[in-house]
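Each protein sequence line maps, in turn, to chains A and B. Under the working numbering, read the first sequence as residues 1 to 297, first letter to last. Under the working numbering, read the second sequence as residues 1 to 350, first letter to last.
Read the hints as simulated data drawn from the structure, not as lab findings. Yeah, the Cβ is synthetic: ideal placement off N, Cα and C, and Gly gets one too. Treat the hints with care, since some could be wrong.
Per the computed footprint, the stretches of chain B lying under chain A, defined by three or more beta-carbons under 8 Å from a beta-carbon of chain A, are [said to hold, decoys possible]:
hint : stretch
1    : 125-137
2    : 245-253
3    : 294-307
Just a few of them, taken from the derived set where beta-carbon distance is under 10 Å, the chain A residues facing chain B [to be verified]:
hint : residue
4    : Q7
5    : F38
6    : A84
7    : P92
8    : G96
9    : V147
10   : V151
11   : M154
12   : V155
13   : V223
14   : S267
15   : V273
16   : F274
17   : I278
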Amino acid sequence: MVGYIAQQLVNGLILGSMYALVAIGFTMIYGIIRLINFAHGDIVMIGAFVTLGLVISGQIPFPVIIILVILAGALMGIIIERAAFRPMRGAPQVTGFITSLAVSILLQNLGILLLTAQPRNFFCPDYLQTVFNLGSVSLRTIDLAIVVIAVVLMVFLVLLVRFTRLGMAMRATAENLKVALLMGININRIIMLAFAIGSGLAGVAGMMWGARYGQIDPLLGFVPGLKAFVAAVIGGVGSIPGAMLGGYLLGFAEVLFVGLLPPIYSSYRDAFVFIILILILLVLPTGLLGRKMEEGV
Amino acid sequence: MMGWNRLKWFFPMLILAGAILVFILRSSVNDYILSIICFAGINIILAVSLNLTNGFTGLFSLGHPAFMAVGGYVAAILTFPVTRKAMLLPALPSWLAAQQWSLLPALILGGLCATLAAFLIGFPVLRLKGHYLAVATLGFLIILQVLITNLESFTRGPLGLNGLPLLTNLWWVYLWVVITIYVCWKVKHSSLGRSMLAIRENEMAAECLGIPLSRTRIMAFALGAFFAGVAGCLWAHLVTAITPTSFSVIMAFHLVVMVVVGGSGSITGATIAALMLTSVVEILSPLEENLGAYGISEIIISIGLLLILIYRPRGIFGTQEPAFLVKQRQRVSGEVGRSLSYQNGKGGTS
Chain A
1 MVGYIAQQLV NGLILGSMYA LVAIGFTMIY GIIRLINFAH GDIVMIGAFV
51 TLGLVISGQI PFPVIIILVI LAGALMGIII ERAAFRPMRG APQVTGFITS
101 LAVSILLQNL GILLLTAQPR NFFCPDYLQT VFNLGSVSLR TIDLAIVVIA
151 VVLMVFLVLL VRFTRLGMAM RATAENLKVA LLMGININRI IMLAFAIGSG
201 LAGVAGMMWG ARYGQIDPLL GFVPGLKAFV AAVIGGVGSI PGAMLGGYLL
251 GFAEVLFVGL LPPIYSSYRD AFVFIILILI LLVLPTGLLG RKMEEGV
Chain B
1 MMGWNRLKWF FPMLILAGAI LVFILRSSVN DYILSIICFA GINIILAVSL
51 NLTNGFTGLF SLGHPAFMAV GGYVAAILTF PVTRKAMLLP ALPSWLAAQQ
101 WSLLPALILG GLCATLAAFL IGFPVLRLKG HYLAVATLGF LIILQVLITN
151 LESFTRGPLG LNGLPLLTNL WWVYLWVVIT IYVCWKVKHS SLGRSMLAIR
201 ENEMAAECLG IPLSRTRIMA FALGAFFAGV AGCLWAHLVT AITPTSFSVI
251 MAFHLVVMVV VGGSGSITGA TIAALMLTSV VEILSPLEEN LGAYGISEII
301 ISIGLLLILI YRPRGIFGTQ EPAFLVKQRQ RVSGEVGRSL SYQNGKGGTS
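Next comes chain B alone, as it looks inside the complex (with noise of 0.2 Å):
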């Protein structure tokens, strides 16, 4: 029982020693660094939101920076300034024209959008499987892109919105990556996780099992773009603008290589990766710009990507919870089934 006692305590100290952190950090360090550690905040956010449905459920979906898209968009009209809203977007409708909202509602709403969007995209879309899916939801990105630039009246099209008010700081990141973390975390150990784990290992055994697929699959697509949509409001209230090529299919790539390189399904894998993802590009684009040698940096992570790819196929840190965190009944072991599918799927050609 004495694993039960320290991890009673282990998560609320976390918590309180970041929240510390935060606070030293706030009153120690420069702008531009903090708006980078917000940048790192926030991608712990998508990589964790995203590993629920790709690497839980196994759901291999591209769309993230689409509910992106969606929440901060929605976010960003609802927060701007009345006078400016006057002269950017003369043509909203007056009911929304009217409107200025502060961060956390807007935050919340911009969510919700955002899982709206995944229920409406899911229904059809969540039919198809493996890479047929992942094409279907970069087409979506794709079709949510050309619809933003279109939709003139709400977005101002191609220019996007600028000015928009900093309201974005470390403390509200800090909630959200806790809140983000938190719901993971108990989701990953409920019966729901479990659910999602049985599908991605073998569906056609969940299904017998009596797990209902689809609701399931539905649920891991929705929750995670609940907190995409979350991540795109906090994204474009720490860069102050948002346009339609903000949230690309770079940016899905970048999603996709934390949750590989962190080791599908591990949630404290996601946010390593994506805290060494960020510094990797925060460290490179100086570089970047210095040398002149633009594209430097996406090559660094896709080269990186590649060799993780080969060598380290389940990611850096493995698929498994590191052990202190779990207790011994709590484990979730996909390892069995992972390498029979792994050996099912060989083609046979070496």
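So here's chain A without its partners, still in its complex pose (with noise of 0.2 Å):
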């Protein structure tokens, strides 16, 4: 029993370590431009088709794979921030809502489109397969490597946002975007940097979630996405660390429910989720870690 609930433990940090990342993107776009970007879940596909070609493509080291995906998700970051959402700036909110959702359907049908909606199978090399146990846990080298990534370019990110005065910049403009710019900052790259940076930890989202689940479709990346959501709401919407406790919280939860309760109800896992979206939503709006909001909910 120990050993169930530690291996279930093991899998809830590893979910806990995607929804994480996603989330941080989300986070990082509301704080700045006030926008629920729901195209982002999209991005997590993307970095799984790149993640894909990459290995198919031939011999390249996986250190290589994992800056190119991050790379890849920061351009599709930039390229969407251009063309949808820099000109409905300064619109009402639900117009960037709606802007973001028609995004969504249309990277998810040029998916369906260019690679077809069959599911395919992800190639993952033979040296991140091997199984080895710790204990009455089992892992895989890639579980491992999931968990590690997603640390690093955690802490990489807080440090950028703590230390550097391009922190400050992103930190600034969070706080009050008017302010900002008569302070002679260029809202327009922060903007910018924020969609690139949280692009490209969902691009790497997107590898591990190839990597974890071997199967990757174009549409993969909805339902993720609004889990990622719903952890940067319970971790308090526009807070960074808040989006990494959500993400772990959420991974936990959501492991543990479908773990420890009857089978059953396991396939109501995704309905738990969202009961928690709604919960959370009317009894702690700002989430754990998040400020009051002047508007917000």
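Once you've looked at the hints, go ahead and assemble the two chains, each given alone in its own frame, into the complex.
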């Protein structure tokens, strides 16, 4: 029983790492331009397909693949921001939301058009598939890599936001867009950067998703994207540490819900996550680490 | 007073002309085209009723397909032939298994169940605003899909119910299109409708004027849900099958497209947008199948929506009803408040 619970906790940690990476993007973009970016989940899908393409195309070493996937995700984020969200800046909140919904549907269907809706097997190099046992917990190298990469990236991000001039500019912009503009901060660059960083992380999450579950298709990003949004809400939308915390909490909660309750309930897991969302929005709209919002909920 | 007389006769004449058109269509066009026209009609019901929630009251809901699903499933279980029920749904409680209703009572009960669902979900969720409400209603849609998938004794789970009797025809659709547009038009030009518009424009001002916020919001939500439920029943008995994925996020997206393209708050706009979207989908889907280019219609629709949001954010036809349909004193002006709130929301980034 202890071994079973330990295994479930490890699974939760892995799932939580992926949610946290995606949730960071939601939170960064929301923090700066108050936009719930629905299309964020589809960057996960793009990341997964880019990884698959790179793995198939030849002997590219794993670390290089990671960097290329981050760059691809970031590029995608920049393109989306430029093409869809920048012309919409200043429009009412809901307009931005509709825009992101349209972008999401657009990306999913471009995926279907170019790659067909058939799920594809995700190839993972053999050295990442080695199974090893820690006591009663069995892990593959990739599972370990997921957690390590996620933590490294998050530490890197926190350092960037806390201790660099760029990070200071980002925090200032999130604090108050207009005043930041008056202080001579190049808002467009900061917004673009937020999209780039968030989408880069989502791209990596896509690589992890593919490697963990072994199959990818053009619609795979939608539900994880929504769940990562739930994670961001749990942590408090707008707060980067909150998104990380929320991601891990949601990962644990979901895995334990499926693992500890009788199997009949496991098919209710998506419903469970969204019930959490509605409850959190009603009871604790600022999340665990978020600050009081002036408008928002 | 000329305008008053013109209007007094305009609507009955329009309804009569529509009925004649339905009669002609039913005797001259083949079944395939007729079913497309029925879909267009159902989309009009959906777009106009969603407009009541999204457009008039500014409650941005993505939960409309969820109410369709409630209505559709309730009606489907009620109209399902008893013999087929015994075969496909053996676990159904016996009092339900013995029912075999005709379309109209099933439609109304389906609509009422959707309204009930709207009350249940509306009381907690309608406290949220803007895009949080949108996400919460989307969450409700997903929760409901999971429930339908798992309540196998009533819904046959992911397999869905197929072989429903083909009860929907153009007359039923036309009847409900007329009822929906009539009710929404009356609501829009009543004190309830004015309250809704006031809430959309400025909530605090509306509350200060004594408009009961939560009651008006829930009325808008529930009324929209009733028609969505009815549309769900009509849909199910037109397709003659219903599955948990019938009412999906894509459908929610299409409905939002109709409301945005038609100009939020405009009933005529929503009607025309529903007709346009149905035609686009029906023209493009054979293209998709012949070329094997699956996804192309959604791509075109979403790019179209993006362009409209950028260049015509108030919809192709604007948020006003056409002038010739509205008496001068009845014309609802949302324009001033609109442009003000737009400026206030501007982030000052350019």
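Now the hints, each set against the structure:
no., hint, verdict
1, 125-137, "holds (count 10)"
2, 245-253, "holds (count 3)"
3, 294-307, "holds (count 10)"
4, Q7, "25 Å, violated"
5, F38, "9 Å, holds"
6, A84, "6 Å, holds"
7, P92, "5 Å, holds"
8, G96, "8 Å, holds"
9, V147, "28 Å, violated"
10, V151, "28 Å, violated"
11, M154, "24 Å, violated"
12, V155, "29 Å, violated"
13, V223, "8 Å, holds"
14, S267, "6 Å, holds"
15, V273, "8 Å, holds"
16, F274, "4 Å, holds"
17, I278, "5 Å, holds"
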